[in-house]
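Please model the entire structure based on the sequences and the hints provided.
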Amino acid sequence: AIAVPLDLIKVRMQGDGRLVAAGRLIQPRYSGLMDAFAKIKADEGIIGFYKGAGPAIQRAALVNLGELVTYDSAKNAFVVSAHLSTAPRSLSFPPLAACCSAGRITHYANRRT
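Numbering (this note's numbering), first residue to last: 2 to 114.
None of these hints come from the bench; they were simulated from the model.
Among these hints, one or two may not hold up.
Below, computed lysine-lysine pairings styled on DSBU-like, alpha-carbon distance capped at 35 angstroms [to be verified]:
| # | residue 1 | residue 2 |
| --- | --- | --- |
| 1 | Lys52 | Lys42 |
| 2 | Lys11 | Lys42 |
| 3 | Lys52 | Lys11 |
| 4 | Lys76 | Lys11 |
| 5 | Lys11 | Lys40 |
| 6 | Lys40 | Lys52 |
Only a predicted model underlies this, so the values are computations on that prediction, with no experimental measurement involved.
Shown next as structure tokens:
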């Protein structure tokens, strides 16, 4: 519930930065996080913080799905390739599998098409 308003503010502030750089806006609409909260609440009300909530929630769901799938796949690949089937030895692989899945997700999330 708190992530969507913060994501909205982040996206608007990033957009303002691009518009200022392109010369389409003289100065950003918001001077900071608290200024953005105050202006959005005053101009649009509480519901204004949840504009675009659908795409933000879909993106979060897809990222979580990708992390779960790659984490399990990476962990299973390490366990199988190292021929480790006993629990004590395989317990050292979750951090390594998590690093690999996070790196993979970050790589694909930041690719420019």
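Open item on the list: Tell me the numbers of any earlier hints that the structure contravenes, in ascending order.
Closed with: none
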